[in-house]
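8 is the number of the first residue of the sequence shown in this note's numbering; add one for each residue after it.
Please note that the accuracy of each hint is not assured.
[Stated by the list, open to error] Restricting the straight-line Cα-Cα distance to at most 27 Å, the calculated cross-link-like pairs of lysine-lysine (DSSO-like) are: (1) K193 - K222; (2) K176 - K202; (3) K68 - K183; (4) K101 - K112; (5) K214 - K68; (6) K183 - K200; (7) K193 - K183; (8) K159 - K44; (9) K200 - K220; (10) K104 - K68; (11) K139 - K159; (12) K176 - K104; (13) K62 - K101; (14) K200 - K213; (15) K193 - K44; (16) K202 - K213; (17) K176 - K101; (18) K224 - K214; (19) K165 - K62; (20) K222 - K68; (21) K101 - K214; (22) K69 - K183; (23) K112 - K139; (24) K214 - K44; (25) K44 - K101; (26) K104 - K165; (27) K202 - K214.
[Unchecked claim] Across the chosen pairs, the derived CB separations fall in these ranges: (28) Q196 - E218: 26 to 34 Å; (29) Q35 - R215: 24 to 32 Å; (30) R71 - S32: 43 to 51 Å; (31) K220 - K69: 55 to 63 Å.
Derived from the structure by calculation, the hints contain no laboratory data.
Remember, it's a predicted structure, so these values are computed and weren't measured experimentally.
Glycine is no exception: its CB is placed at the ideal position from the N, C-alpha and C atoms.
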Amino acid sequence: MSRRELEIEIVDLRLQNRYAALRLSNIQEDIDDFMAKYYEAVGDLCLEISTLESKYEGYSKKLRGEAPQISKIKTSETNFHILPRSEEVYSFEKEVKELYRKLVKITHPDVSTEKMMAAEYTRMVNEAYNEKNYRELLRLDQLINSGEATIKDLQQQKNQLVDSTHDLKAQYEQLKDSPMYVLRQKFAQEDDKGKSMIVSIRQGLKKRIAEEKRKLKALRIEYIESMGERIVKAGAKVNS
């Protein structure tokens with residue numbers, strides 16, 4: 008493979024890598040946003056369940072003669088809304104701008120010793136940016152910054168891009184199959200953007216709270232009876 012062919016392939020791989028990175032970043036942001044909004048919608052009930060479970064565990068450990076531990080849970084402070092997100096547009100435009108600024112800084116005639124070549128590169132960079140041609144910006148970046156790179160260096164860059172893109176795609180698929188993202192998709196498909204699902208989930212959590220309260224009450228009674236028996240036994244020992 009010639010140097011030119013290798014550089015063309017690297018440009019394509021860089022484009023694929025950035026696209027994979029943006030997709031991963033977007034889906035992670037989607038999940039984070041949804042989690043914040045979801046737990047804001049049901050966080051009060053989740054907190055109550057956590058408190059009841061903590062109390063139950065505390066009484067259980069007391070009955071076993073162990074020191075109780077207190078668990079804490081934090082809820083988000085954002086409001087609950089499921090809003091559609093544009094696919095990669097903002098992040099992609101940001102990538103283009105950052106690469107453009109980088110190339111303009113490198114190729115500007117005032118900072119380059121090759122004035123005529125720098126001016127031509129600057130013209131090409133501006134043209135690619137105005138046309139929103141990200142691939143051409145990548146090609147120019149590769150051309151400008153890999154001048155002293157050997158074939159071995161370029162091959163190593165290619166291999167690193169292949170491995171990195173593979174990892175990014177694998178992480179994306181893993182997040183896409185995650186329970187929280189699957190739940191988010193179910194919400195997004197609802198006509199009311201998941202509001203009725205939240206009502207149903209809250210009802211289910213309230214039932215669980217009622218069950219946790221019942222269990223806690225029974226355990227508390229057991230604990231009180233156990234303490235009563237200990238007091239009676241202790242009193243009997245004192246009197247004997």
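Quick rundown of the hints versus the structure:
| no. | hint | verdict |
| --- | --- | --- |
| 1 | K193 - K222 | 32 Å, violated |
| 2 | K176 - K202 | 32 Å, violated |
| 3 | K68 - K183 | 40 Å, violated |
| 4 | K101 - K112 | 17 Å, holds |
| 5 | K214 - K68 | 25 Å, holds |
| 6 | K183 - K200 | 19 Å, holds |
| 7 | K193 - K183 | 13 Å, holds |
| 8 | K159 - K44 | 49 Å, violated |
| 9 | K200 - K220 | 32 Å, violated |
| 10 | K104 - K68 | 59 Å, violated |
| 11 | K139 - K159 | 32 Å, violated |
| 12 | K176 - K104 | 24 Å, holds |
| 13 | K62 - K101 | 49 Å, violated |
| 14 | K200 - K213 | 22 Å, holds |
| 15 | K193 - K44 | 14 Å, holds |
| 16 | K202 - K213 | 17 Å, holds |
| 17 | K176 - K101 | 21 Å, holds |
| 18 | K224 - K214 | 15 Å, holds |
| 19 | K165 - K62 | 57 Å, violated |
| 20 | K222 - K68 | 15 Å, holds |
| 21 | K101 - K214 | 47 Å, violated |
| 22 | K69 - K183 | 43 Å, violated |
| 23 | K112 - K139 | 18 Å, holds |
| 24 | K214 - K44 | 22 Å, holds |
| 25 | K44 - K101 | 26 Å, holds |
| 26 | K104 - K165 | 24 Å, holds |
| 27 | K202 - K214 | 19 Å, holds |
| 28 | Q196 - E218: 26 to 34 Å | 30 Å, holds |
| 29 | Q35 - R215: 24 to 32 Å | 29 Å, holds |
| 30 | R71 - S32: 43 to 51 Å | 47 Å, holds |
| 31 | K220 - K69: 55 to 63 Å | 18 Å, violated |
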